[in-house]
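Enquirer: Sequence:
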Amino acid sequence: FTNRTIITLTNETAQFLNDFLLTRISGVLKIYRSSDTVDNETLYPIEFINKLTPTGFLPHILKLKKKQCIMLLRNLDATNGHCNGTYYIIVSLHDHVIEAVVASGPYAGSTLLISRIPRISRNGISIYIYTQTISCQASFCLDVQQDTKTNF
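In case it helps, UniProt numbering puts the sequence shown at residues 1 to 152.
Careful: at least some of the hints might be erroneous.
[Unchecked claim] Calculated lysine-lysine pairs in the DSS-like style (CA-CA distance at most 25 Å, straight line): (1) K66 <-> K30; (2) K63 <-> K30; (3) K30 <-> K67; (4) K51 <-> K65; (5) K51 <-> K30; (6) K30 <-> K65; (7) K63 <-> K51.
Think of the hints as simulated: they come from the structure by calculation, not from any bench. Just so it is clear, the structure is predicted and the values come from calculations on it, not from any experiment.
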């Protein structure tokens with residue numbers, strides 16, 4: 001996992017390839033869904049909100065398996081190397097937390113428990129979206145924008 005990455009032009013292509021490659025890993029699939037609310041649910045049903053991915057937000061559904069490579073998308077503990085863009089291998093999947101170890105670099109082998117983190121969307125659309133998601137994504141594939149931020 002640490003020596004190769006597929007680079008794509010769009011998030012949609014990366015998501016499609018990540019989902020496909022996930023089917024090639026043996027093990028039980030665990031699905032995590034974000035918990036979303038909006039200011040006015042009568043104007044914007046939750047089903048509609050779940051389909052949106054404003055800047056900085058993750059898709060509503062996160063599919064993971066044990067031994068899968070993931071990338072952290074938020075700085076959780078910078079002093080111990082748990083920063084945005086760090087690669088992990090999943091050790092175990094629980095209902096509300098993911099246990100993962102750093103895949104490479106000076107902090108390789110250190111463990112992190114990743115839980116839901118609240119976020120608020122304030123840009124790009126005329127409504128406020130409040131969401132709680134697990135801040136990681138499958139990292140078999142990256143879009144070009146992500147690649148320019150990452151040192152391999």
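Enquirer: Give a verdict on every hint.
Expert: These are the hints, each one checked on the structure:
no.: 1; hint: K66 <-> K30; in the structure: holds (9 Å)
no.: 2; hint: K63 <-> K30; in the structure: holds (6 Å)
no.: 3; hint: K30 <-> K67; in the structure: holds (12 Å)
no.: 4; hint: K51 <-> K65; in the structure: holds (23 Å)
no.: 5; hint: K51 <-> K30; in the structure: holds (20 Å)
no.: 6; hint: K30 <-> K65; in the structure: holds (6 Å)
no.: 7; hint: K63 <-> K51; in the structure: holds (16 Å)
Of the numbered hints stated above, none is contradicted by the structure.
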